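Protein chains: 2
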Amino acid sequence: MFGISFIGAGNVTWHLAPALEAAGYPVGEIAARNANNAAEIIRHLYDARIVDSLDFSRSRANIFIIAVPDDIVPEIAQNAAFPPDAIVCHTSGTLPLTVLKRFPKRGVFYPLQTFTKGRPLDLSAVPFCIEAADAGTEKQLSTLARSVSRSVHLMDSEQRKALHLGAVFAGNFTNHLLALSKRIAEENNLAFDLLKPLVAETVAKALAAQDPATVQTGPAVRRDEQTIKRHLQALRKHALWRKIYRLLTESIQADLPR
Amino acid sequence: MFGISFIGAGNVTWHLAPALEAAGYPVGEIAARNANNAAEIIRHLYDARIVDSLDFSRSRANIFIIAVPDDIVPEIAQNAAFPPDAIVCHTSGTLPLTVLKRFPKRGVFYPLQTFTKGRPLDLSAVPFCIEAADAGTEKQLSTLARSVSRSVHLMDSEQRKALHLGAVFAGNFTNHLLALSKRIAEENNLAFDLLKPLVAETVAKALAAQDPATVQTGPAVRRDEQTIKRHLQALRKHALWRKIYRLLTESIQADLPR
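Those protein sequences? They're chains H and W, same order as listed. Heads up: the first sequence is residues 1 to 258, going by our numbering. Heads up: the second sequence is residues 1 to 258, going by our numbering.
Here chain H stands alone, though its shape is the one from the complex (with noise of 0.2 Å):
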């Protein structure tokens, strides 16, 4: 049974930490800059504490993961201390596994989900990608990924990068277009809440489809110029919407027969 410590105390954190202590994985150190998140933290933990210094050469965790910015990652690689036997991975989609070369074994536990502290969260169907630099971590890494989900996969660097930015695709910008519709409703002092139930049933409909190309709706695949037309210029007063107009229209026409 390994121990575990985190180094971060933001989102990643506050729902890694206490679904791996209740699989049976005891939680140590939780290491914070903001000692405040860090204490909302513990409270759901056992016997953890929090500390401010990087130095965990004395800890009896034998697994340390590393859940902050991305930015940050390299400094804390670059001036943490671990027992010599000790496992580090970090947690982004973005970063290669190289960062932390420094450390024998090392790794990537990358759970492929948006994280929202105190929002409820079903980990167990939650992609983990695992990446690690010997077989032994890596089984160590998967193992400990396992105890939580029931979707763990093994892939390098490379692909974890290219997964990262189809979620930016799949989630950050979906967001962005909702928060869009959102504007464009209440301009017209109409609520978002009409819109709701569109986005719950295109966005099932896509996940249940072989591929969300087969089920494309609207003016750009059916090709409507007229309409088309007419939401360009409703979109008149908003150079940068029309041009997003313009290109998903594109986009979405891309593929179609000509």
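To be clear, the hints were calculated from the coordinates, so they are not data collected in a lab. These numbers come from a predicted model, not from an experiment. Watch out, some of these pointers could steer you wrong.
In this list, chains with the same sequence are indistinguishable; a pair is considered to hold if it fits within one copy or across any two.
No farther apart than 27 Å at their CA atoms in a straight line, the calculated lysine-lysine pairs in the BS3-like style are these [said to hold, decoys possible]:
| hint | residue 1 | residue 2 |
| --- | --- | --- |
| 1 | K229 | K101 |
| 2 | K237 | K205 |
| 3 | K229 | K243 |
| 4 | K139 | K196 |
Based on the hints, put chain W in the right spot on chain H.
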């Protein structure tokens, strides 16, 4: 009690005709260019018949719902004949009410949803957008809508057009982003399934938020230029996807504090 007839045997009629009949409005005729489509629908109806003429002057129905692609509605409005007192309405999000100006009791009966033949759908949550040329017609169409939905809204043609535009962003464009994310994943030998839990959670979170903009995540909102650069580099073979990435990143950042 009204009798209803439909012009058009597509996805909208497939869902509306049986639902309205079940709510107590007998369906008389279904006019269709494709008799097979109409045949599928009348199997779910009590006593409807398929017609191939637009001459409804001797029909016993008193509400006629034109549910055909937008570009055909004007032609149908020009050529169809209805009983003198009949209500004639279309189901389009973008066409104005005036496209039916030949008919004194004209209206719009626009269900804001993506309809797919054969796919079960909870109509009771679907917003119905009602417009009419006179108060009596408005009342009758509202009553009709309320027989199947608890979300019935009066709005004029301008508002409906704006809502439809919002629906293109929230529905059609969202679906397209999911299609692109699938292709990005599969180009790297990764299954689209890996992205599905993220999509489900992103959308659930966006719809539960006060405003999706407040739960925006990802490299753009973090101004994580390193990751953005890596992503653009990964998209170097796809000029159009690269443009989409740039433009949506710009749009997310447009409203951030400097």
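* Violating hint indices (sorted, rising) -> 2
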